[in-house]
Amino acid sequence: MGSEQTARLLPTVDDWLARLEAALAAADPTATAALFEADSHWRDVLALTWRIVTVSGGDRLAGELARLGRTRALTGLKVHPGRCPPRTVERAGVEVIEAMIGFETDVGRGSGIVRFRLDAAPGAPARAWTLLTALDELRGHEEATLRAAREGPVFDRDFHGPNWLDRRRAAAAYADRDPTVLIVGGGHAGLTAAARLGQLDVDALVVDRMARVGDNWRLRYHGLKLHNQKHSNHLPYLPFPETFPAYLSKDQIANWLEIYAEAMEIAFWTETSFEGAAWDDAAGCWTARLRLVDGSIREMRPRHIVMATSVSGTPSLPDIPTLDRFAGEVVHSSRFGDGAAWRGRDVLVFGTGTSAHDIAQDLHGSGARVTMIQRSPTLVVNVEPSAQLYDGVYLGPGPSLDDRDLINASMPLPLMRTAHKLLTDRVRELDKPLLDGLEKAGFRLSFGENGTGWPLLYRTRGGGYYFNVGCSDLIAAGKLPVVQYADIEAFEAGGARLADGRLLAAELVVLATGYKGQDHMVRTLFGDAVAERAGPVWGFDPETQELRNMWSRTGHPGLWFTAGAFSQCRNYSKYLALAIKAEELGLMRSAGEGSWSG
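Per the UniProt record's numbering, residue 1 is the first one in the sequence shown, and the count goes up by one each step.
It should be emphasised that the hints constitute simulated quantities derived from the structure, not laboratory data.
Hints are supplied without guarantee of correctness; some may be wrong.
[To be verified] Subject to a maximum C-alpha distance of 20 angstroms in a straight line, what follows is the list of computed SDA-like cross-link-like pairs (lysine to any residue):
| no. | residue 1 | residue 2 |
| --- | --- | --- |
| 1 | K440 | N382 |
| 2 | K440 | L401 |
| 3 | K516 | P536 |
| 4 | K421 | T371 |
| 5 | K516 | P455 |
| 6 | K516 | A477 |
| 7 | K230 | I259 |
| 8 | K479 | T371 |
| 9 | K225 | L389 |
| 10 | K78 | G102 |
| 11 | K230 | N382 |
| 12 | K78 | H160 |
| 13 | K479 | G437 |
| 14 | K250 | M210 |
| 15 | K516 | F540 |
| 16 | K440 | A486 |
| 17 | K479 | V509 |
| 18 | K78 | W16 |
| 19 | K230 | R218 |
| 20 | K432 | A477 |
| 21 | K225 | G337 |
| 22 | K440 | D473 |
| 23 | K479 | P536 |
All of these numbers come straight from a predicted model, not from anything done at the bench.
Based on the provided sequences and hints, a complete structural model is requested.
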């Protein structure tokens, strides 16, 4: 398998694209279906549906693709000349031909990926297994064209008028206008959205209640570092310097976000709290309330609000029976600082996710006597090499970062599940000594939904896992005990009383109990009516097979969401910005808004 089939199939990619274009021009679902495997998947990212949606099954996707391909004038299908050339790779355990393609639609240009299985019967016609169509740019509003227009003639200089800094300060003050887009939250999600919108000449203001750009990282617990490597975490337009270490510390991230906001000329109001907004259907805009640092209220009327307050923005404080009897200090993990203050003292860390492990390790290293309390099974994976394997598309030499992002975006959910199950099986073997030691220490393990590992846990729960950077070794060695929550009879003034009569002494309880999702924040800030109209946020929609209401239109006009890992925000901020720009230009309506029939 491989060389002969590759030699046979590579020349057919162009022929397959030509036959697809002809079938779409004729709006012929039968001819279109003949070009796809029965178990094929088509993922569209704004290009034809103005949504992010996956359609599975050859007949079903052929019907949708044939209808939309003609409606949206999908033409010019070809192997993309400027991207990674067709090659043989393995995806979800299957060897495939993978080809990056380019195309045009009625409103812009796009790129995508088509894959052909190499285990097809010899002599069988080429049938695609997966297809991605993603919008790259809007015709007449390309980023490079807009940048050139902004720069103006090289000798067009006014030595006596306002300079660049004067103009930037005046623009960021919004003294005589409102932004087109109000972005709530100034972490990496908000900043990447603002940077992308800025390059499309969409006026966006970021507001954040923190005193300084980057404080959402800077003020977190002392020892925090990212648990995946920088190569998958770059920001758009301005990657981290090569001199930065593989695993970035919280303060490096915080300082880089501050640099990024300045370099990308992002309008950013610190110490500004978003206190909610009401939608005006007649005017097609929001009335948003902002509380400024001096306590005054500024009302703004943006046409769009982007909530960039993270997958998990509001600390979750569960009702723990009898905890009110505890006489010591109780603090949520979001407010935990440095373990050094608890040297020689007894601490209970409630939870076994990433923050719980990091805080427990910090406390243990600072000389505190720490016990972890486990409520539910938790996935544990060694940070090296196991956790990094799931970022395999970003590892090692190969395509450009843009091409890797396209590959990442091209994987439909069913194949992602298969790929992650295979990876998790491999990881369990790699980590077996550690996992056996944890189970012997009384730690209950999970391996994710149907054994698919941590990435899908993140996309459904926003947590439930830990990348081991040493804390699991302490647990397995018996140096950091773990107690099951079910074994606690009650809390009392001096700690937690176990069912067997022992007292777990404590002066501090750290609640590493996670955060409430964006649904909670939407109801709090916008009210039930807006929340119901917008629909749920995060977690997979069974119909679209995509994260719900992320990076594309929601059920409520003018309300958008962005969140997720650095790699997700870098990649999908592009599509979020294109969708908002298209709304501003009226392109969605003119091109058949809501044209997907799913």
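| Any hints this thing doesn't respect? Which numbers, in order? | Per hint list: 2, 4, 6, 12, 23 violated.
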